[in-house]
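Visitor: Residue numbers (my numbering), protein chains in the order written: chain A, 1 to 440; chain B, 441 to 912.
Rather than coming from a laboratory, the hints here were simulated on the basis of the structure. Treat the hints with caution; some may be incorrect.
As the list claims (entries may be wrong) - Pairs of lysine-lysine, DSS-like flavour, derived with a Cα cap of 25 Å: (1) B:K753 <-> B:K560; (2) B:K469 <-> A:K352; (3) B:K469 <-> B:K628; (4) B:K909 <-> A:K274.
Just so you know, these numbers come straight off a predicted model, no measurement behind them.
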Amino acid sequence: MSSPEELFKILNIKGYDDLFSDIPDSVKKPLKGIGKGKSEMEITLESESVGNLNRSDLRIFLGLGAYERYIPAAVGNIIMRNEFITAYTPYQAEISQGMLQALFEYQSIICDLTGMEVTNSSMYDGASGLAEAVRMAYRINGKSEVLVPENIYKNHLDVIRTYATGMPIEIKFYDVNHDGTIDLENLKERVNSNTCAIITYNPSTYGTLDPAVPSIGEIKGDALHIAYYDPISLALIIAPGEYDADIAVSEGQQLGIPLNFGGPYLGLFSFKEKYVRKSPGRLIGETLDHNGKRAYVMTLQTREQHIRRDKAMSNICTNQALMALASSVYLSVLGKKGLEYVASKTMENSRKLTSTIDSVHGYRTRKSKNPYFSDIIVDVDSTPDLIFSYLQKNGILGGYPANMAVNGPSAKNGRSVFFAATEMTGEEDMEKLKKVLEVF
Amino acid sequence: MPYHQATYDEKTLKEIGSSNTFAVEKVNKPEIPEKLRRKNVELPDVAEYDVIRHYVHLSQMNYAVDTGFYPLGSCTMKYNPKFADRIANDQRFTRMHPLTSPEYSQGELHVMYELQEFLKASSGMDAVSLQPLAGAQGEYTAMLIVRKYMESIGQSNRNEIIIPDSAHGTNPASAAMAGFQTVEIPSKQDGKVDLEALRDAVSENTAAFMITNPSTLGVFESNILEIEKIVHGAGALLYYDGANFNAILGITSPGLMGFDMVHFNLHKTFATPHGGGGPGAGPVAVKEKLREFLPVPVVVKDGKKYSLYYGYKNSIGRVAGFNGSFINLLRAWSYMKYKGDDGLTENTRKAVLNANYMAKRLEGILDIPAKGIKKHEVVASSKKTGKRALDIAKYIINNGVHAPTIYFPLIVPEALMIEPTEDASVEDMELLIKLIREAVEMPQEEIEKLPVNLSIGRADEVRAARIMKLHW
C-alpha cells in the first residue's frame with residue numbers, strides 16, 4: 001500500500017495538484033533549465049569527462065594554505081562509513097554517541113597538539129576561523145584595533161574585513177622583516193590601550209619560522225594574542241599553548257583532507273578556557289548517563305543561535321564534523337612518530353627545494369637565518385604571472401605570484417613568487433622543476 | 441524484536457594501550473632554533489588496527505540515514521545516492537589545488553558554472569555565489585549584501601531586520617552578526633505571518649524581512665504576494681531562507697514569489713550528505729540589482745572557456761578562504777543532473793505527499809496547530825497528551841527510529857517537527873506513527889527511564905554544562 005494513488009485515496013485528494021492548491025497559481029511554474037534526468041551510469045561517465053578537463057596531474061609545488069600531503073588509506077575508509085557520513089548533527093545524544101565521542105576526541109587531540117585548553121568541534125575553514133577569532137576577541141575586551149602583519153594572506157585579510165563589517169573594528173598593519181618574520185620593535189610600538197588583538201603567523205606567510213612569535217606575550221599588554229599556526233609543524237615547533245596564546249587558529253586541511261579545490265576544509269579553533277562563554281561554534285562535553293556510564297553531549301548550547309538567537313556568540317549550525325573526524329583519524333594513525341616524520345621530511349624537502357631553486361639563474365630564495373617550513377618565497381628576475389602560467393603549462397604547479405597571495409609589497413619590484421614542499425615532494429620532481437625553470 | 445543498538449564500553453583513543461604502527465622511513469631531525477623547538481607533543485599512541493576498530497565501534501553507535509528512518513524536521517534527511525560518493529572521491533576533482541589557474545582547472549569551473557546556472561533556474565534568481573560554506577554563512581552573506589546595498593542607495597539608516605518568531609535561530613543570529621537590529625514579529629497560531637504585525641513593524645528603518653516559505657510549521661504562506669507588497673512598499677528587501685526550499689522546488693520559486701535573495705542548503709534540497717554535522721554548503725542567489733554585491737570570484741563563461749570574475753565593484757568581499765565547499769558543490773551538481781527537472785519536481789511532490797500522510801495519520805494522537813495542507817513537514821504538539829516531546833523522542837530512538845526535531849519552532853509548545861522526505865515508505869511512516877502512539881500511552885514513570893536499547897541511557901546534559909569537561 002504505498003503507491004502515490006493509494007495515498008491520494010487516504011488523503012481524499014485527486015492528485016498532487018491538490019497538495020499545492022495553497023500556492024497561488026500566479027506564482028506556479030514548472031522547473032526548466034536543469035535538463036532531463038540521467039542514469040547513474042550516464043552521470044558517472046559525464047563526471048569523468050568533466051574531470052578530464054582538469055589538469056589533476058600537475059606536480060604540486062604550491063601551498064599557501066592548501067597542501068598536498070600523504071593521506072593514509074584509513075582516513076577515507078573511516079569517513080566514508082555510512083553511519084558517519086549520512087548522519088545529521090547529533091541532536092539526540094543517546095543514539096549518536098559515536099559521532100559525539102569522535103568529536104570529543106577531536107577536541108582533545110587538537111588541544112594536545114596545540115597545547116591549548118579548549119578546542120571547539122570545528123569551524124568552516126582557517127580563514128573564517130581567523131575572522132571569528134577577531135570577533136571573539138572583540139566580544140572579550142571590547143577594544144577596537146586589530147594588529148595584523150603587513151604580509152598577511154590576502155584571502156585572510158579579505159575574510160576578516162568581511163566579518164568585521166558593522167563592528168567598530170579597525171585593522172592596522174605592523175611591519176615585518178625582509179624574511180617575513182615580525183619586526184618586534186615595530187609591533188611593540190603599535191600596541192596601545194586600544195589594541196584588541198594581535199594576529200601572528202608561525203611560520204610567517206613567507207614560509208620562515210618566526211622566533212618572535214613566542215615573545216608576543218611579553219608585549220601584548222591587555223590585547224589578545226591570536227596565533228595562526230601550521231598544524232603539521234607542531235610536531236617540531238613550539239605550540240600556541242606553550243607561548244600563552246589566547247586564541248589559536250589554523251586551517252586543518254593538511255590533516256587528512258585532500259586539496260578538494262578549496263573545500264570542504266576544516267577550521268581548527270582553540271582558546272583559553274576562561275573565554276569559553278564568548279566562543280563561537282559547537283562544543284562537545286563529557287558527562288554521565290543516568291546509570292553512571294560515560295556519555296557525550298553537545299554542551300554550553302546557551303551560547304548558540306538556536307537558543308540565544310540574535311544574542312548568540314555565532315550563527316554556526318552546520319560545521320565541519322566529518323572533516324574533524326578525518327583529522328582525528330589522520331593524527332591517530334600517524335601518532336607522534338608519524339607526525340614528526342611528516343614535519344621533518346617536509347623541512348628536509350624545503351631545504352632541498354631551496355637549493356634547487358637557488359641553483360637556477362634568476363631565482364633567489366629569500367635569505368633568512370630562520371628555516372623555511374613548507375612555503376618558500378623566491379625573488380625572481382622575470383614576471384611572476386608568466387612564471388606561474390609557464391610552469392603549469394609544463395606540468396608544474398608552483399611559482400605563485402606573491403602579490404596575489406600576500407598583502408603589501410613582498411619585494412620592492414613586486415617580483416617574487418611562492419613555491420612549497422611537503423613530505424611528498426620527491427627529488428625527481430625537484431629535478432624536473434629545475435629543468436623546466438632553466439629553459440624558461 | 442526490540443531494537444538494539446550496538447553497544448561498546450568504548451575507551452577513548454588516549455586510553456587504548458596498543459602502540460603506534462605507522463611505518464616511516466628514516467629522516468634526520470631538522471635543526472630548529474632552541475626558542476622555537478617543541479619540547480613534547482602528545483598524540484594518541486595506538487596501532488592502526490585499533491584505530492580502525494575504535495572508529496568502527498563508534499560508527500556502530502551512530503544512527504544515520506543509511507541505518508534507518510530519520511524524520512528530523514527541517515533537516516531534510518533524504519537518501520544520499522552512492523554514485524555521488526564515488527564522484528566526490530575522484531582524484532580528477534580532489535587533487536586540484538584551489539590556486540590552480542582557471543586554464544588548468546576547467547573541469548572544476550565547468551561544475552561550478554553549471555551549478556550556478558541550475559541554482560538560478562531553480563530559484564528564479566539572476567546571479568549566484570557558491571562561496572558560502574554552510575547555510576548559516578549563506579544567510580550571513582545575504583545580510584551583508586542587504587547592508588551594502590542599503591549603503592549604496594544612501595539608506596544606511598535602514599538598520600533593522602524583521603524576522604518572524606517562528607524563524608530558524610540562524611536568521612536572527614546572522615542578521616545580528618551583520619550589525620543589524622532584529623525586530624521579531626509574532627506569527628499567527630497557524631504559523632503564518634501576521635500581516636498586521638508586519639505592517640506595524642515595517643518602517644523607514646527596515647532593511648529586510650527574512651522569511652522561510654513554507655514556514656517552519658510546514659505550511660505555505662499563501663499571503664506571500666501581500667507580504668511582498670508590504671515589504672517592498674516599505675523600501676526593504678525580501679529574503680528567502682532556503683532551508684525549506686525542498687518543499688516548493690519545481691512548483692514555484694523564490695523569484696516568482698517576489699523575493700530578492702535566497703540561500704540554499706545543499707544538503708537539504710540537493711542530497712549532499714550531512715557528515716554527522718557538516719560539511720555543508722550555502723550558496724546565495726540574488727536578483728539582478730544585487731548582483732554586484734555578491735562575494736567574488738564567481739565563475740563566468742566566454743564561449744567554451746570558464747574563468748573567474750572578480751569585477752563586482754560593490755562586492756561584500758570574501759567569506760571563505762578559497763572557492764567554497766567545492767566537493768559538496770560537485771555532489772549537488774551530480775545529483776541535480778541525475779534527477780533533472782522532472783525528478784527534482786517529483787522529489788517535492790513525494791515529500792509533500794508523505795508529510796500530508798503523516799499529518800493525516802497523526803490525527804487523534806497529537807495536536808497539529810497549523811491546519812490545512814502541509815508542505816514538506818508537519819509540526820505536532822504533545823502538550824495535550826501530558827507527555828513531554830523530549831520523552832516521546834527518547835521512546836522513538838529507543839525503538840530504532842531517529843526522533844523528529846523537538847522544541848522547535850519555539851512558538852509551538854512541546855513541538856515535534858516531523859519531516860519524512862520523499863525517501864520514506866509507508867512502512868517507515870507507519871512505524872513512526874506506531875511509536876508515537878505507544879509513547880503517548882506509556883506511563884510517565886516508565887518513559888522517563890528510556891532509552892535502554894541504545895549505547896547509553898539518558899544523558900545528563902545539566903551535568904555536562906556544570907562540569908564543563910571539554911577534553912580528556
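Visitor: Evaluate each hint against the coordinates.
Guide: To see whether the hints hold, each was checked on the structure:
For the suggested pair B:K753 and B:K560, the alpha carbons sit about 21 Å apart, so the restraint of at most 25 Å is met. This hinted pair checks out: B:K469 and A:K352 have alpha carbons roughly 14 Å apart, not beyond 25 Å. Using a Cα cut-off of 25 Å, the hinted pair B:K469 and B:K628 is violated, with the two alpha carbons roughly 68 Å apart. Between B:K909 and A:K274, the direct Cα distance comes to roughly 13 Å. Compliance with the 25 Å bound is thereby established for this hinted pair.
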